[in-house]
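Asker: Below are the chains, spelled out letter by letter.
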Amino acid sequence: MSDPSHKLSIGSLLRRPETGSFLGLAAVFVFFTIFGGTNFASVSGAASWLNVAASLGIIAIPIGLLMIAGELDISIGSMVPAGSMTCAIVSGHFGLPIAVGVVAAFALGALVGLVNGLLVVRTAVPSFIVTLGTLFAVAGLTLGLSVLITGTTSVSIKAGPEAKFLLGHFINGIYQVTILWWIAAAIFWGFVLHYSPYGNWILAMGGDKVSARNAGIPTERVTIVLFMCSGMSAAFVGLSQAILYNSAQVSAGQSYIFNAIISVVVGGVLLTGGYGSVVGIVLGTLTFAIVNQGIYYTPFDANWASLIIGVLLLVAVLMNNTFRKMALSYTPSRNPSRKLK
Amino acid sequence: MMTRPLLTLSGINKSFGPIDVLHDINLEVYPGEVLCLLGDNGAGKSTLIRLLSGVHKPTSGTITLADKPAAFASPRDASNAGIATVHQFGGTFPLMSIGRSFFVGEEPKKGWGPFKTFDRKTANDIAVKAVRDLGITRITDGDRLVGGLSGGERQALAIARAVHFGASVLILDEPTAALGVKEAAHVLRIVLQARQKGIAVIFITHNVVHALTVGDHFAVLIKGAKAADFRKGEKTREEVTDLMAGGEQMAELEAEIKSYMSSHPV
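Chain order of the listed sequences is A and B. Its first residue numbered 1, the first sequence is counted upward by one per residue in our numbering. Its first residue numbered 1, the second sequence is counted upward by one per residue in our numbering.
Be aware that a few hints might be false.
Rough simulated footprint, nothing fancy, chain B against chain A, three-plus residues with beta-carbon under 8 Å [stated by the list, open to error]:
hint : segment
1    : 209-219
2    : 268-281
3    : 315-328
Derived SDA-like pairs (lysine to any residue); straight-line CA-CA distance at most 20 Å [to be verified]:
hint : chain 1 : residue 1 : chain 2 : residue 2
4    : B       : K109      : A       : K325
5    : B       : K109      : A       : S196
6    : A       : K209      : B       : P75
7    : B       : K116      : A       : P197
8    : B       : K116      : A       : G190
9    : B       : K235      : A       : F188
10   : B       : K129      : B       : N80
11   : B       : K109      : A       : P197
12   : B       : K109      : A       : G216
13   : B       : K110      : A       : S196
14   : B       : K121      : A       : H194
15   : A       : K325      : B       : G151
16   : A       : K325      : B       : R195
17   : A       : K209      : B       : K110
18   : B       : K110      : A       : I187
19   : B       : K121      : A       : G190
20   : A       : K209      : B       : S74
21   : B       : K110      : A       : F188
Just so you know, the hints here were simulated from the structure itself, not pulled from any lab data. As the structure is a computational prediction, the values presented were derived from the model and not from experiment. Cβ coordinates follow ideal geometry from the N, Cα and C atoms, glycine included.
Just chain A, with the same shape it has in the complex:
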């Protein structure tokens, strides 16, 4: 018996969770290359959508893993500015070393994730509602505490050269260094989901939480850890933006909620859990960023971008459904006559 699993064929490619998102990415890339002209695909054009994709992608991957595990985290919309403000207040307003600000922002992200995870696990309230609550709670806390401590809603921060180099500079003057962090995050999460045994736990939890628990998977611990990771990822994006732009604002961040969900769904993750891939999420994020930024290179009014994203989302979901059905109905055709007797 040969092992057919490593054989590459068009059929086996079509059955992967990221196929739909790859085709979507190719389609929008071709579309904007045609209508956006040479600027869109140029070095500086690529930077504009890669920079958007990087910070969105760092958040989208853990959100995608939560969705694969059957949960959702929308509190990241507040966690981005909260991480940003925490870092700026600790290191900018109080003048502590930048490392302390970074650690503080991460700690806050972990704490918010812990609260989300504990509430979801202990109360069995849907995670959408729990994180909707923490979304507003964290937004309120960030605004309230910022005004209380600093008297303003915008704090400046001066990072040293090391911090700037690691988190807030432009490679070649145009590519944000977060692109490298995004690649690192994708490799890390790709390993977790597709190669480590924990990936199996995440997929099983999204498939059927009760059966997963009965099979011995510590579902509560995995859920809490995933929420903590999404909180910390959002805090990371926030703090790196603060260091990049030398200032932090209490607002800005709500757009990440829907953008991350769109990226994940376009990337082939099943909204109800149990199915998806990190490569798909990365491709979905790129697709979103290209539509979001590519519109500025075309003669069309930028207002049309939302229309394209909306249509893209619907097409992607339908396409992903089709590919998932193909994956489900796949049977090796080598012994077609040898039916189950």
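With the hints as your guide, set chain B onto chain A.
Answerer: For chain B alone, coordinates are given in the frame of chain A:
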């Protein structure tokens, strides 16, 4: 054959609040035997298997497994003790691959330290071999999704998993109910294979023909009480059918239909 029962239920009662679901159930299940649990809808079969698989606890009475009292706090407890339950639709993770779903919670690993990886090839090979050992030769690719298998193949996969992880008691909840004739026959053959391995099989079914084909020992539940307990060959198919439908009630029903038909000629 061993003469001592592997699993013994004595004086099991179960009530949910004021509603009595099971009264005074006594049952013995022997290794290498198929016990068919028969009964109409609502007779208490599902509750009984939930007690055995650790979902519920009996209100009173004792369960003994291999001469030791067994009080399962959770389904995990029961499966650690060697009681595996396979539900009607088999695999519960339709979007996972055969290899991955086979090893959920028991993943084979390779590599070192924090870089230990899920050993996909080993998982796929073992899962495919386990299910092929049960005669499902059509499954060759462990990367196929469970949701793409036929109902009989999913049952076979779930039974193969239970056998692989060393179950001593295998509870099959209506495994043939959703299957066509050929697939059902295949699953019945797999049940007999599990029995040959010395596993105590508890086979829950509505289908008297299926029960009589594989069963060594039969228990009929009616309204939460054990109405009959007999061995293979002690009752005919008609007698068993009557028992399942509530004995005399079936005769009454037939008489009622007859009189209706004669008073309403077509």
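Asker: Are K121(B) and G190(A) close enough, with their CA atoms no more than 20 Å apart?
Answerer: Cα-Cα ~18 Å, so holds.
Asker: Can the restraint linking K129(B) and N80(B) be considered satisfied, given a maximum Cα separation of 20 Å?
Answerer: violated, 23 Å
Asker: Do three or more residues of the segment 268-281 of chain A come closer than 8 Å to chain B, measuring C-beta to C-beta?
Answerer: holds (count 3)
Asker: Is it true that the CA of K110(B) sits at most 20 Å from the CA of F188(A)?
Answerer: Within the cut-off at roughly 18 Å; holds.
Asker: What's the verdict on K109(B) and S196(A), does the C-alpha distance respect the 20 Å limit or exceed it?
Answerer: holds, 8 Å
Asker: Under the criterion that the straight-line Cα-Cα distance not exceed 20 Å, is the pair K209(A), S74(B) satisfied?
Answerer: holds, 15 Å
Asker: Is the coverage entry for the segment 209-219 of chain A by chain B consistent with the three-residue Cβ rule at 8 Å?
Answerer: The restraint on the segment 209-219 of chain A holds, since 7 of its residues have a Cβ under 8 Å from chain B and three suffice.
Asker: Within a Cα-Cα threshold of 20 Å, do K121(B) and H194(A) meet the stated pairing?
Answerer: Holds. K121(B) to H194(A) sits at ~13 Å (cutoff 20 Å).
Asker: Does the alpha-carbon distance linking K109(B) and P197(A) stay inside the 20 Å limit?
Answerer: holds, 7 Å
Asker: Decide if the proposed pair is consistent with the structure: K110(B) and I187(A), CA atoms, cutoff 20 Å inclusive.
Answerer: holds, 19 Å
Asker: Between K116(B) and P197(A), is the straight-line Cα distance small enough, at 20 Å or below?
Answerer: Holds, at roughly 8 Å.
Asker: Would the hint linking K325(A) and R195(B) be met if the CA-CA limit is 20 Å?
Answerer: Cα-Cα ~36 Å, so violated.
Of the hints listed earlier, those the structure fails to meet are numbers 4, 9, 10, 16 and 17, in rising order.
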